Structure formats: structure tokens, C-alpha cells
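J.: Line order of the protein sequences matches chains A and B.
For the first sequence, our numbering gives the first residue as 12, with consecutive numbering after it.
For the second sequence, our numbering gives the first residue as 4, with consecutive numbering after it.
These are computed hints drawn from the structure, not numbers from a lab.
These figures come from a predicted structure and were not determined experimentally.
Do not take every clue at face value.
[Claimed, not checked] Cβ pair distances, simulated, as ranges:
no. : chain 1 : residue 1 : chain 2 : residue 2 : range
1   : A       : Val427    : B       : Ala68     : 24 to 30 Å
2   : B       : His33     : A       : Val49     : 47 to 53 Å
3   : B       : Leu159    : A       : Val73     : 28 to 34 Å
4   : A       : Val485    : B       : Thr145    : 31 to 37 Å
5   : A       : Ser167    : B       : Leu159    : 21 to 27 Å
Each residue gets a CB set at the ideal place from its N, CA and C atoms; glycine is no exception.
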Amino acid sequence: MNFELPNFSLIIPEIFLLTMICAILLLDLFLTDKQRIVTYYLSQLALVVTASLVFFYHTSVVIVDFSGHFIQDPLSDLLKIFLCGIVVVVFLYSKDYLKQVNLLKGEFFILGLFGVLGMLIMISAHSFLMLYLGLELLSLSLYALVALNRDSQLASEAAMKYFILGALASGLLLYGMSMLYGMTGSLELASISEQISKSDNNSIVLIFGLVFIIVGIGFKLGAVPFHMWVPDVYEGAPTAVTLYIGSATKIAALALALRLLVDGLIELHHDWQGMLVVLAVLSLAVGNIVAIAQTNIKRMLAYSTISHIGFVLLAILAGTIDGYIAATFYTLAYTIMAVGAFGVVIILNAENLTDFQGLNEQHPWLALMMLLFMFSMAGVPPTVGFYAKLMVISAIISVDLTWLAVIAVLFSVIGVFYYLRIVKIMYFDKLEDCTQVVKLATDMKWSISLNGLAILALGLYPSALMVLCTQAFVMSS
Amino acid sequence: MLLEQILFYFFATVLILSATMVVTSKNPIHATLFLVLAIFNSAILWLMLEAEFLAIALVLVYVGAVMVLFLFVVMMLDIDIATMRAHFIRYLPIGLVVFITMMVEMILFVGTRYFGLEQFAKPVAKSADYSNIEELGQVLYTVHLYPFEIAAVILLVAIIAAITLTLRHKPNTRYQDPSHQIHVDPKDRVELLKMPAEKL
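Extracted from the complex, chain B is given alone in its bound form (with noise of 0.2 Å):
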């Protein structure tokens, strides 16, 4: 139990931190490396929770691929951090009064207070062989049919939307056409021409 807890308060400590990292830190991509850090600490606490099918989705999704994607891009473009925190000062006394109301009352209200074991009792633990898989294959494809179809239409929407707002076309792009490539006739290319030897 105590080991348990201890485990808990490290990862939870160390996500934290590298969320506050992720939006402090000044190179973008120190701060895309600190996201990954901070979604795998989540990852891990989920394994603590028992849901391993979705620490180990998120890793291989978000870790794997999304963040990966997000290293390319923010490597592709030119990032003029200087101006992008000049106005960091400015705000800055607002946004702590923000930030220090939100924190305050969400100490207040999602603590154990509210979140407790008396209002809300200690799951019991599955065994070895309760598959998480399984239950959500269960419910996905039955209670949530509905919202999971709907799911897929958004990434439809996102793929046609991220078409539209890049694809351009140019007439004078210049692109290898392989059918045309493999079919071309040496004589197109070469032309060889018989030349008598020059006298000295």
C-alpha cells in the first residue's frame, strides 16, 4: 500500500512539473519533449489504476505518433520565440490572478472532501485474468455505438479540413511520373553520333 502510494506522489509530482514545463519552457522543443514526459506519466498512473489498455494506447498513440509528428513540425517552422513572449510580462498579473483563484477553489472542491473514500468507496481490485480489452470492446460497440460512429465522422471532418486548408494546386509543380519513366526508349535520350577522328 505505502509502496503504492509513493509511486503515485513521484509520478504525479513529476507530471505535474513537466506539464508546467511544457508552457514555461522557451525552446518549443523542450517543451514538446516535456508533453511526451507528461502524457507518459499519465500513462503510468492509468497502469496504476488498472485501465492498461488505455496507458498503453496513450503511449503508442500520443507518444508514439502524435508527438512525433509534433517534434517534425514545430522542427519545420521558424519559431520567433522573442516575440512570442513579449507580451508574457504584460499579462503576467492577471494570469497569476487567475491562476490562483482557479487553483484555490479547485483545491477546495476536488479534494477529499468532496472526492473522498466516505462519499465514494474503494473500488475493488480486478483479477489477473479480467480483461480491459474485452469490456470496452463490450461497450463501445453496444451502450456507445452511437457517439463512437459520431467519433469517426469528426476525424473524417479533420482530415477533409486539414485537406482543404493545405492542398494547392500548382500547375507547374515538376513531379516523377514512374509509368512514363519506365517506358521512356533510350534513343529519346541518347542520340549517338558517329564522328570521324579529327586529324592533328
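Bound-form chain A, shown alone (with noise of 0.2 Å):
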């Protein structure tokens, strides 16, 4: 049997950051709860030198090794990095948070750590099996980080919720996943992607196993008809886990949606387009008019995921080089918002929209740091939420799909309603009762900043994250 030993050094930065969460899991047991603060910055210190590893071993070529189950390209690369750094932020924001509610605890940090590690394996899977151990890693810590209130009902019931609708997703995205490989004899994704180019006739269960597939994505990107779990364990866990869920987790779902329908099943283009056009659609609808009922923040902005994963559902079906730079761009864009957005929330403590009462009078920079991310989810010009919309309509027009982006335009339309609404009741509503000040942390302050100033300057200079995005396909095609 001959077997070529893999390069380790290309899995550095999954190795320390699996090497940081053991260290880390073993000293949080002797902080007593005043020093779980060490934990922290611990966990702040992995990432950020997680981040750092895969940045100083960045490459411009596309390298597979470990039989085949391990991909390094220059969107691995990007994606890894910009999923670290959203981490980071979204710690930095739970941190307070965490303390408030009486849930600063180690777990939450290995946890979510755990779920990262489970996303970069995710992110540079080239194999069925790699694909899907990384996406059970993360999902198995989200199913814990969700019921991390254990007193909680409606966190309890949220978890339920989400455990049994992703056990089953992910049962029906292996069903798929056996389907491709009897017919391909092949888990590694470039091998099935070659076998299916050479055989035409049995496409059918091709095809078969493909319905399964998408199901799966679609469960794991919330896109309707699959999204029941998504406003439910928005609402019901921790904000902090909303914030974890609703930002970071989406770097992974494009990766995962990326990896399976481009590298591997980009031969079957022709049925997966059609299968999408109808989640995007359906996504597009039901995000932005079930948005406009709701009267719970997180139940809103679940919602607005909804619709924005239609958004990026439209970029990747058009199925040229164009549609996935557009579909990343989106995809980081978003998560800088979702982040900035939930961020407020946290910050506020907010659970209806009548939280924001007033807030222009209590805190006129908090305020306008909510306007950008508002604006910027509804696509208003000046940020960057207006180019990612631009450059997935472009893409979609560029295939002749312009009914598609009729559609997304007048969806997004109605979508401006509940976004302004939230910059009306900032600024127009009177505070009902004014006992409750906010009071913000100078680490708090000047992240929220530069969050809410980054949506600005990507919108103002779109061709920072652009030339990065362009990067990561045109090189690695």
C-alpha cells in the first residue's frame, strides 16, 4: 500500500486553535467565577492567532492534500480569516452580555470555539465526509450553546427545535451524500465532480441524490421552506448565541453551500440552478413580508436573514466566476452587519422593537451606528449593503435572469418598510420611561464604531473587500 505522508504544516491553524480549546477547557476548570475573565481573553488570543497563522500561510495556489479530504485555495484563505475576526468581535460583544444573565461561563467560549474549528474544516473540506464532520462539529456546539439557559424554556425549546430539524437535515444531506458517492464511487469532491462529466446516462439519481443535497443546504442556510428553526432559535437562545448564529455561522453555510454545488456538483449546474431559483425566490418572499409583522427584534432580524440568504441563494444559482464573487461579497458584507445589528441589540438588551424608544435621545452615537446597519440591510447607497445587492442583481442580469432580479428588487422594496421602522422609532418615538439609561463599555464603544464606520467605508470604497473576493476565484480557477 502506498501512502504519501500529508503536509501537516497546511492544518497549522486548525491544529492550535484544537490545541488552544483543550488548554483552555482544562484551566477554566480551576477559575473560580471572578477570573472567568482569563477564559476570555484566552479564547480572544486563540483566535486572533488562528487568524494570524492562516494569514502568514496564506497561499495563491490551489493545494489538496490529506488524500484529498483538505482544500487550501485563496478562498479557504479569506474566508477563514474574515470568520475569525467576526468571532472576535462577536466574544467582545457577549462578553458584558454574558455577565448581565449569569452565563459567564467557560462553555460558552469552548463551545463557540469548537464551533469555529468545525467551520474552518468546513470551509476547506474537499471531501463528502470532511463536509460533514465539520458541519456536525459546529452544529452539534450550537445545539449546546443554544441551550446554554438551562432555566429557560423557550431556550430549552429552541434547542429541541433546532436539534431535531438539524438531526434531520443532516440525515437527509448524508442520504444525498450516499446517493453521489454509489453512483461516483468517490467522497473527494473533485473526483465526483470529474466522474459525473464522464458519465451522462445515469443522471437521474444524480439528480435524486442532488434534491437531498439542497435540502440539506437549504435546512443549514435557514432558506425557505426550511427555515422554521431559524425565527424560533433566534429568539428563544441567549443573545449572545443569536449573534453567534446569525453572523458567523453564514461564512460557513456559503462555504459549505460553495464546496458541494461549485467544486464538486458544478456539472449538474443546469438542475441546481432551477432547485435554488425557488428557495431564493420563496427566501426573498417570505423574509421580507413575514419581517414586517413581527414585534420582537430577533424574530425580525431572523426574518431578515431569511431574506438576505435568498440574496445570496440568487448569486451562487447564476453559476459563473461573477455570481460566487458576488455570493462571498454578500455572504461578508452581511456578517459585518448582522454582527453591528445584533451587536445594538446585545447592547441594549432589547427584545421588542419598542426597546428602541427614544434611543436617538439616550444615545444619539448608538443610534446612528443602528441607522448604518439598518440602512445598510435595506441597501440604502452610501453603505455597503447597496453594493452587495448591486453586484448579485448584476450577476443574475448577466445570465439572463432579469425577472429574477425584478423580484429581488421588489422584495427588497418592501424589506426598506421594517428596517426604517426601526430608524423611525429611534428617532421619532418618545421614550415611554425614562428609568433605564444605557451605558456602554469603552471596548464596546469603539468596536460598535468601527463596526458600524466599516459598513460605511465598504460602501464608500467597495473595492477593498471587492479585490479580495476577486482574488480568492480568479485565482484559484
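Reconstruct the complex from the two isolated chains, following the hints.
T.: What follows is the structure, given as C-alpha cells:
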């Protein structure tokens, strides 16, 4: 049996992160509740060093190793660094909130870091097996995180729903993968792609498997009609966990979709394009229309996520390099907006839309930041959200799917209503009770300001992020 | 050849029937026992495919360990079957529609038409000295090293998650301290008092 020893230096970031997690896990045992902040700082350190390692070993070519299980390309480097950065911000926003609700435990950071490890693995996965294992690592961490507040009935219910639907989705995904494995005889994405291009008579079974894979991806992305868990989980989970699920995991979901559909099943593009059209249009419609009826801010943002996922799917289904660039740009821009918007929610400890009343009088700067996030999500010009939507729509029009672009624009216009309603509540509604005072710690103030200004800066100068996204695809193809 | 086919269809039928019973039986204990039967039958099917190690591992791990734990947990829980089954009839029509559609699709696509002997040649039977475990070990620690390690990480997360969700620190819990028990001094426990005998 000839076996080539893999190049272990490729997975140094993952190895480092896992080692750090285990070290933090042991160290956390010996800390008292007052010293818990040490866990927080170590977790942040682990993430920063992991991101630096990815940057240090970045590549401009495609490297496949570990017997085809692992891939490193410019796309994986970009997504990994971005992911670590986003989670650093998530932890930073979460720290004070967790202390308030008495959940500042080592488990939050440890499970959060395990989730990051799972996502790193998904981003670099080059076989069905690794995609599935990365996904399960992420999902298991998320189920436990959602249920972290054990005494809350709402959280337990959300965790239960998430767990059952997530397990079902994983099962469906696995069944689809088994079908494709049966037809192609390989787990590795590149050779699956090769096998599919060679055979043409058996395509019906491949499509049968593809349907299950699309359903699995749809569940994990939270696309309509597989979105039922999204609002319940966003509402029931502790806000810090909602922040994590609402922002960081979207990067991994994008990686899952791109790896499976583009790296593995690009030969079936014609078939999955039609399925994604249905998912995208439904997501845009349901996400934007149902969000109008929400009074809970977390549920509203959940439906807003669903509509944004619709946009990402639109970009992917174009099936061109421009489309993939647009999808990556949109997802990265969306995570920056989402982390900021949920950041404001977590600072205010808001549950309902009315909690934003009179924010402008209390804290004008915070209100201005929220205004930027809402404008960006709605797609108002000087922000990055506008540019992201523009790119998706131009990618769709370039493949002659103008009717889809029209639908996307129509539903975006409907969506503007509920984003602007938040702005109206903040600036024009009078505060009913003036007892609650918004206080901001220095680090929170700086990071939320940076976050808001990043939205504006990237909107004015989108080519900064654009160049990175373009490099990720042009160099790997 | 014929005997093998009869055996296959027998065990496959029992497998499907017991799997159906798992989801339909009213008593959760019965459901768990049917699951044991289902797993046992699929182990036999693996045995017929000459995957002896996997078959034995399935029985040892799932029947021997996981299912016993399952039974234990089911017996500990107080499950109210009446409320659980209340929605059964309500969701039955839509469930049936989904079930039948999936069933038809699967029969159409996962049958001999696409996975028959014309598409895939019959695998050659291995000789008696062929070792399953050796082959498995070879690929597990070489080709599949990376996934294997990640699977270990998933188990670690499962342990952490389970402990996070169940461990409760109760300062008032009464527990035994063996070292304290051993070092106890008889004088602390029993005090011998001298009492003068009482006169009647």
C-alpha cells in the first residue's frame, strides 16, 4: 500500500486552535467565577493567532492534500480570516451581556471555539466526509450553545427544535451524499465532479441525490421552505448565541454551498439552478413579508436573515465566477452588518421593537450606528449593503435571468419598510419610561463604532473587499 | 446462492418490519427493543456482505452499549404517550403523502435499474485469510487520518455539551467523603457515659 504522508503544515491553524481549546478547557476548571475573564482573553488570543497563522501561511494556488480531504485556496484563506475576525467581535459584544444574565461560563467560549473549528474544517473541506464532519462539529456546538441557559423554557424549546430539525437535515444531506457516492464511487469532490462529467446516462439518480443535498443545504442556510427553525432559535437562544448563529455561521453555510455545488456538482449546474431559484424566490418573499409583522426584534432580524440568504442563493445560482464573487461579497458584508445590528440589540438587551424608543435622545451615537446597520441591510446607497445587492443583481442579469432580478428588487423595496421602522422608532418615538440608561463600556463603544464605520467605509470604497473576493475566485480557477 | 438469497430477504424483511415498529409501537420500551432487533438484523446483512468487523462492532457498540443506555433512559423518563400521540391523526394525511412520494421515488431510482449488476459488477468474494480489521486499520490511520481525528473532536464536543447541559453545582448536596469516613475517631461518634445503677 503506497501512502504519501500529508503535509501537516497545511492544517497548522486548525491544530493550533484545537490545542488552544483543550488548554483553555483544562485551565477553565481551575478558575473561579471572578477570574472567568481569563478564559475570555485566552479565547480571543486563540482566535487572533489562528487568523494570523492562516494569513502567514496563505497561498495563491490551490493545494489539495490529506488524500483529497483537505483543500487550501485563496477562498479558504479569505473566509477563515474573516470568520476568526467576526467571532472575535462576537465574543467581545457577548462578554458584558453574559455577565449580566449570569451565563459568563467557560463553556460559552469553549463551545464557540469548537464551532469555529468546525467551520474552519468546512471551509477547507474537499470531500463529503470532511464537509459532514465539520458540519456536525459546528451543529453539536450550536445545539449546546442554544440550550446554555438551562433554566429558560424558551431556550430549551428552541434548542430542542433546532436539534431535531438539524439532525433531520443532516440525515437528508447524508442520504444525498450516499446516493452520489453510490453513483460516482468517490467521496472526494474533484473526482466526483470528474466522474459526473464522464457519465451521462445515470443522471437521474444523481439528481435524486442532488435534491437531498439541496434540502440539507437549505436547512443549514435557513432558506424557505426549510426556515422554520430560524425565528424560534433566534428568539429563544441567549442573545449572545443568536449573535453567533446570526453572523459567523453564515460564512460556513456559504462555504458548504460553494464547496458542494461548485467544487463537487458544477456539472449538475443546470439542475440545481432551478431548485435554487425556487428557494431564493421563496426566501425573498417570506423573509421580507413576514418580517413586517414581527414585534420582537430578534424574530424580525431572523426573517431579515432569511431574505438575505435569498440574495446569496440568487448569486450562487447564476453559476458564473461573477456570481460566486457576488455571493462571497454579499455574505461577508452581511456578517459585518448582522454582527453590528445584533451588537446593538445585545447592548440594549432589547427584546421588542419598542425597546428602541427614544434611543436617539439617550445615546445619539449608538442610534446613528444602528441607523447605518439598518440602512445597510435595506440596501440604501452609501452603505456596503447597497453595493452587495447591486453586485448580486448584476450577476443575475448577466446570465439573462432579469425576471429574478426584478423580483429581488421588488421584495427588497418591501423589506425597506421594516428596517426604516426601526429608524423611525429610534428617532421619532418618545421614550415612555426614562429609568433605563444605556451604558457603554469603552471596548464596546470602540468596536461598535468601528463596526458601523466599516459599513460606511466599505460602502464608499467597496473595491477593498471586492479585490479580495475577486482574487479568491480568479486565482483558484 | 439460493440459500443466501432466502436468508437475505428474510433478514431484510424482519429489518423493515422492526424499523416500522420502532416508530409505530405505543410503548417506548417496545420501540427500543424493536430498535435492537433492527440493528441486529442490519448487522447480519453486513455479515452477509463479508464485513464481519463492522457487523460485530455494530452489535457490540449499539446493542451492547447504546441501546442498554437507551432502555435505561426510557425507563427513567416519565413519558406521557397519550399527549404524544394526540397529533398523530392530525398529521397523518400529510405524512402519508410525503411517505408515498418518497417511497415511489426511491423504488424508481434505487432499484436494480440504476444499481443493478449491469451497472456495477458483482464484487469478488475474498479468501478466508483476508482480514477486515487490518484493511480498516490501514485506511483509518492513513487515508482517513484527518477525518478520523475530527471524529474524535466531535466526541469530545459531545461530552462537553452533555456535561454543560446536565451538571448542576448544588452546595447543599449530601455526599460521602471516604477519607473523612476512614479518619473518624470513635470518640467523636460514641460517648460512653458512666451511669450509676438506679435503685428501685
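J.: Would you pick out the hints that fail for this structure and give their numbers low to high?
T.: Of the numbered hints, just 1 does not hold.
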